[in-house]
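The whole structure should be built from the sequences, with the hints applied where relevant.
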Amino acid sequence: MLARTKSARRLTGLEIRRALTIVTALSFLPQLHRIWTQKTSKGISTDYVFWNLLCATEQFKFFVYLLIAKDPEQNIPLVYDPPTFGDRLNMYQTAVVWLSFFTLFGACLRHTPSKSFYVIAYALYITISIVPPILDILYGFPSPDHTYADPLASGIFFLSMCLLNPLVSVLVVYAVFSQIREINSARGPELSIPPGNALSICGLAVQAVVFAAVAFTWIWRVPIENARLGWDTWSWTVVGLDNLMYWYNLVGFPAFDNGVFAMGQGVLFASAWRRRKGRENAVDREPLLGRSGYRTTKFVPLCNE
Numbered sequence: 169m170l171a172r173t174k175s176a177r178r179l180t181g182l183e184i185r186r187a188l189t190i191v192t193a194l195s196f197l198p199q200l201h202r203i204w205t206q207k208t209s210k211g212i213s214t215d216y217v218f219w220n221l222l223c224a225t226e227q228f229k230f231f232v233y234l235l236i237a238k239d240p241e242q243n244i245p246l247v248y249d250p251p252t253f254g255d256r257l258n259m260y261q262t263a264v265v266w267l268s269f270f271t272l273f274g275a276c277l278r279h280t281p282s283k284s285f286y287v288i289a290y291a292l293y294i295t296i297s298i299v300p301p302i303l304d305i306l307y308g309f310p311s312p313d314h315t316y317a318d319p320l321a322s323g324i325f326f327l328s329m330c331l332l333n334p335l336v337s338v339l340v341v342y343a344v345f346s347q348i349r350e351i352n353s354a355r356g357p358e359l360s361i362p363p364g365n366a367l368s369i370c371g372l373a374v375q376a377v378v379f380a381a382v383a384f385t386w387i388w389r390v391p392i393e394n395a396r397l398g399w400d401t402w403s404w405t406v407v408g409l410d411n412l413m414y415w416y417n418l419v420g421f422p423a424f425d426n427g428v429f430a431m432g433q434g435v436l437f438a439s440a441w442r443r444r445k446g447r448e449n450a451v452d453r454e455p456l457l458g459r460s461g462y463r464t465t466k467f468v469p470l471c472n473e
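Residue numbers (my numbering): 169 to 473.
No lab work stands behind these hints, which were simulated from the structure alone. Incorrect hints may have been included.
[As the list claims (entries may be wrong)] Pairwise CB distance ranges (calculated):
#1 V338 with K210: 24 to 30 Å
#2 I298 with Y248: 20 to 26 Å
#3 K210 with R186: 22 to 28 Å
#4 S346 with L267: 21 to 27 Å
#5 V287 with D249: 35 to 41 Å
#6 H201 with A438: 18 to 24 Å
#7 P281 with R186: 38 to 44 Å
#8 K283 with H201: 27 to 33 Å
All figures in this text were calculated on a predicted structure; none of them were measured in a lab. All C-beta atoms in this analysis are idealised placements derived from N, C-alpha and C, irrespective of residue type, glycine included.
Below you can see the structure in the form of C-alpha cells.
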C-alpha cells in the first residue's frame with residue numbers, strides 16, 4: 169500500500185513537470201505573437217531579453233552536462249544516482265526555457281540596430297560556458313578512483329557553480345531594471361500599450377504565474393535527501409548566509425532564478441499596466457476633434473496586448 173502511494177505521488181510529480189514544461193513554452197507565445205503582429209520590438213529592452221537568455225543558457229548547459237558526462241560514482245546533488253526520467257524532464261524544462269528565450273532574442277534582434285554587439289557577446293559567453301563541457305564530454309578522462317581529478321571537469325564545476333550561476337542570477341535581477349527603464353522611457357503614442365508598443369502585458373501576467381509555479385516545484389525536483397542541504401542548521405530566527413549560499417550553489421539556483429524571473433515579470437506587469445492606464449486617462453482628458461468635445465479611449469482586451 170505504501171509503495172503504491174509513493175508510486176502515485178511520483179506519477180503525479182512527473183505529470184506536473186510535463187504540464188509545467190508545456191505551459192512554460194505557451195507562456196512565451198503572447199510576446200512572440202505581439203512582436204510578429206506589430207513588426208517591431210519597441211518597448212522591449214534587448215538587454216532584458218539578453219540577460220535572461222544567458223541565465224537560461226547556463227541552466228540548460230549545466231543539466232545537459234550532468235546527465236551526459238556524470239560519473240555514476242559521483243554524488244551530484246541536482247540529479248539522482250542513477251539519473252531518472254524526472255531528471256530528464258528537468259533538462260527538458262531548461263531546454264524549453266532556453267529555446268523560448270533564444271527565439272525571443274532572435275525576434276528582438278530583427279528590429280535592433282546593434283545586432284552585432286549582442287551576437288558577439290553571446291558567442292563569447294558560449295565560448296566560455298559551453299565549449300569546456302563539450303570538450304570534457306568528448307575528451308574527458310575521469311580518474312580511476314572516481315574523484316574530481318580530471319582538471320577539466322573540476323574547472324567546469326567551479327566555473328558554473330561558483331562563478332557563472334551567481335553571475336547570471338544577478339543579471340536576471342538587473343534585467344528587470346533594464347525593462348522598467350524601457351517602459352518608463354516611452355513617450356507619446358508608445359505610452360499606449362497597445363498600439364505602438366511590442367510589449368505584451370498579457371505575456372507578463374501569464375509568465376509571472378507560470379514561472380512562480382516552476383520555481384516552487386524546483387524545490388522538490390532535486391533528490392529529497394539533498395533538497396534540505398544547508399537548512400538543518402538554520403534557526404527559526406536567524407538565517408545563516410553561509411547555509412543559504414551552500415543551498416543555492418548546490419541545488420537552489422534553478423528555484424532562485426525562476427523565482428526572481430517570476431517576481432520580475434509581476435513587477436513589469438504592474439509597471440506596464442500603470443503606464444497604460446495613465447495614458448488612457450490622459451487621452452480621455454484631451455479635447456476631441458469631433459462633436460462630443462472629448463476623446464474616448466478604445467477598450468483593448470488584456471490578452472490582445
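Results for each hint:
no.	hint	in the structure
1	V338 with K210: 24 to 30 Å	holds (27 Å)
2	I298 with Y248: 20 to 26 Å	holds (24 Å)
3	K210 with R186: 22 to 28 Å	violated (36 Å)
4	S346 with L267: 21 to 27 Å	holds (22 Å)
5	V287 with D249: 35 to 41 Å	holds (39 Å)
6	H201 with A438: 18 to 24 Å	holds (22 Å)
7	P281 with R186: 38 to 44 Å	holds (40 Å)
8	K283 with H201: 27 to 33 Å	violated (22 Å)
The structure fails hints 3 and 8 (numbered hints given earlier, in ascending order).
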